[in-house]
Amino acid sequence: MRYSALTVLTQALRGHAGWRPAWRNPAPAPDYDVVIVGGGGHGLATAYYLAKHHNVGRIGLLEKSWLGNGSVGRNTTIIRSNYLLPGNLPFYELSMKLWEGLEQDINYNAMVSQRGVFNIYHSDPQRDAYARRGNAMRLHGIDAELVDRDALRQRIPYLDYDNARFPIQGALLQKRGGTVRHDAVAWGYARAADRLGVDIIQNCEVTGIRQERGKVIGVETTRGYIGAKKLGIAVAGASSLVAAMAGLRLPIESHVLQAFVSEALKPLIDTVITFGAGHFYISQSDKGGLVFGGDIDGYNSYAARGNLPTIEDVCEGGMALMPMIGRARLVRHWGGIMDMTMDGSPIIDRTPVENLFLNAGWCYGGFKATPASGFCFAHLIACETPHKVATFYRLDRFASGRLIDEKGVGAQPNLH
Amino acid sequence: MRIACPYCGPRGLEEFLYHGDASVRRPEDGGAVPDQAWTDYVYLRENANGPHRELWYHHAGCHAWLVVTRDLRSHDILGVTAARDEA
Ligand SMILES: Cc1cc2nc3c(=O)[nH]c(=O)nc-3n(C[C@H](O)[C@H](O)[C@H](O)COP(=O)(O)OP(=O)(O)OC[C@H]3O[C@@H](n4cnc5c(N)ncnc54)[C@H](O)[C@@H]3O)c2cc1C
Ligand SMILES: [Zn+2]
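Chains as they are written, first to last, in the numbering used here: chain D, 7 to 422; chain U, 7 to 93.
Hints may contain errors.
[Said to hold, decoys possible] Beyond 12 Å from chain U on every Cβ pair, some chain D residues (computed):
1) M117
2) N209
3) P257
4) S260
5) L274
6) H285
7) P315
8) R403
[Stated by the list, open to error] If you anchor each label on the Cβ, the simulated ranges turn out as follows:
9) D:R20 <-> U:S80: 42 to 52 Å
10) D:P329 <-> U:A66: 39 to 49 Å
11) D:K293 <-> U:A66: 37 to 47 Å
12) U:A66 <-> D:L247: 44 to 54 Å
13) U:P40 <-> D:R219: 20 to 30 Å
14) D:D111 <-> U:C68: 49 to 59 Å
15) U:A66 <-> D:E218: 52 to 62 Å
16) D:S406 <-> U:S80: 32 to 42 Å
17) D:N31 <-> U:Y63: 16 to 26 Å
18) D:E269 <-> U:Y13: 50 to 60 Å
19) D:T391 <-> U:Y63: 38 to 48 Å
20) U:S80 <-> D:R333: 30 to 40 Å
21) D:A33 <-> U:D35: 51 to 61 Å
[To be verified] Heads up, incomplete: computed chain D residues facing chain U, CB under 7 Å, no partners named:
22) Q132
23) E259
24) G304
25) Y305
26) Y308
27) A309
28) F404
29) S406
30) N420
These aren't lab readings, by the way, just hints derived from the structure by calculation.
Here the structure is a predicted model, which is why all the values come from computation and not from measurement.
Cβ atoms here follow ideal geometry from the backbone N, Cα and C, with glycine treated the same way.
Chain D with its partners taken away, still in its complex shape (with noise of 0.2 Å):
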């Protein structure tokens, strides 16, 4: 069924009892031409790409648990691209420019609104290390602009901006940055890739990865072997221990991300704001609560929850920027698992085993990702040669020293 204004009319007079499922659920098949690992937003972007560009046969998604049940559902939701370095600017932007036609592309209402992302500045070196980053993004065509405290401060009246420690002077802007509905985004994505023949399968965890003379020939799972010519990991923070299945080990560390969400306000924040002095960002969701996060916890973690430090740390940062949120009550808050690599930035790479693709190392900023992701993978897995915007993410960058580590601090995983 096609989704339309229409759908939903015709839907609404028959008292909505004609709604089918948005995709099949289909037994596993003895084997496929490509299995993806993993039904975050990566692996089903994935195979959705790989399903209407390439011609690479039958295609599997293999899925531990449901569907947007990972950091695809978990995270604040935030899209941008305001990189600095040569190797994520292109990419990121390919990205941002995928979000701009996702929905019609996919039939799929995902709420993507570009409402702007403000970046604020305190101090002086803090401006021109802004400015420096405003430039490298215009240098390569993208939209970047510089805002002084005044005209920051029609815009945004209500942050501290004569705070005593960390005054205002203004931020950097990207206009075209903003949020989308994360969960739609699997939804969305699922539901297309399944209409283009690809068997979504939940609930089928990948525990072993068979492979006959160096090559990959298929996946054992809690719902029997699967074969497949060709495989692809998209497992995001439990990239470590999937590889670990074909004997590699990964320039990475598994850490815990908090989010956190308020009571429903009335309209208040009409865009991202995001704290230069400490790590803090935060926007306000249709629903009405304002959805915010800061640092990782910083210790490695598969439990998928935090700590108090942390959430004491998060709320200092917003009263710091924004006293007002002061009395609005915290009402749920979570955590998920981040694939924090040792440059703070990703791996989109064949691997030393044959028939064996990694897609790995999104740390806490791979939900802006999520559409180039999918569509270079899908590159690299039918062409076997890396997307030209995504030639940077390579797996032996680490060993040959042509890192691209944005924040400038090394193999330290909890500082990117």
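Dock chain U with the ligands against chain D, hints included.
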């Protein structure tokens, strides 16, 4: 999570800094070892799902380096020793 520092007793997490996997070993000889050994040491981690031996620094306490064994699935702390006793 609270860490029982062998010198200071159980203290809140905010007093500690994390420094990752305690099982990696710096290659002995700077120039002579193959690059792969350095790549392994600097970048590659096992990152397994279960008990993990890791380094913590008691920066807001006694400044000791600790080796903490912690279950990554539950955050349960299974043991704490001073790193100097492990070396
Ligand atoms: C609190 C929080 C806030 C965030 N905020 C932002 C943000 O504002 N902007 C942004 O860009 N990014 C953000 N991120 C990061 C972003 O959400 C992730 O980088 C991204 O979602 C990871 O890719 P994914 O969607 O494919 O992962 P996931 O949704 O985690 O998908 C991986 C899937 O693999 C499955 N899997 C694992 N092991 C196996 C197995 N053995 N067999 C089969 N399936 C398996 C899992 O069940 C899971 O469904 C945030 C993350 C968190 C947790
Ligand atoms: Zn101590």
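Evaluation of the provided hints:
| no. | hint | result |
| --- | --- | --- |
| 1 | M117 | holds (34 Å) |
| 2 | N209 | holds (19 Å) |
| 3 | P257 | violated (4 Å) |
| 4 | S260 | violated (6 Å) |
| 5 | L274 | holds (30 Å) |
| 6 | H285 | holds (15 Å) |
| 7 | P315 | violated (4 Å) |
| 8 | R403 | violated (10 Å) |
| 9 | D:R20 <-> U:S80: 42 to 52 Å | holds (49 Å) |
| 10 | D:P329 <-> U:A66: 39 to 49 Å | violated (27 Å) |
| 11 | D:K293 <-> U:A66: 37 to 47 Å | holds (39 Å) |
| 12 | U:A66 <-> D:L247: 44 to 54 Å | violated (33 Å) |
| 13 | U:P40 <-> D:R219: 20 to 30 Å | holds (26 Å) |
| 14 | D:D111 <-> U:C68: 49 to 59 Å | holds (58 Å) |
| 15 | U:A66 <-> D:E218: 52 to 62 Å | holds (54 Å) |
| 16 | D:S406 <-> U:S80: 32 to 42 Å | holds (38 Å) |
| 17 | D:N31 <-> U:Y63: 16 to 26 Å | violated (50 Å) |
| 18 | D:E269 <-> U:Y13: 50 to 60 Å | violated (43 Å) |
| 19 | D:T391 <-> U:Y63: 38 to 48 Å | holds (44 Å) |
| 20 | U:S80 <-> D:R333: 30 to 40 Å | holds (35 Å) |
| 21 | D:A33 <-> U:D35: 51 to 61 Å | holds (56 Å) |
| 22 | Q132 | violated (24 Å) |
| 23 | E259 | holds (6 Å) |
| 24 | G304 | holds (5 Å) |
| 25 | Y305 | holds (5 Å) |
| 26 | Y308 | holds (5 Å) |
| 27 | A309 | holds (5 Å) |
| 28 | F404 | holds (4 Å) |
| 29 | S406 | violated (9 Å) |
| 30 | N420 | holds (6 Å) |
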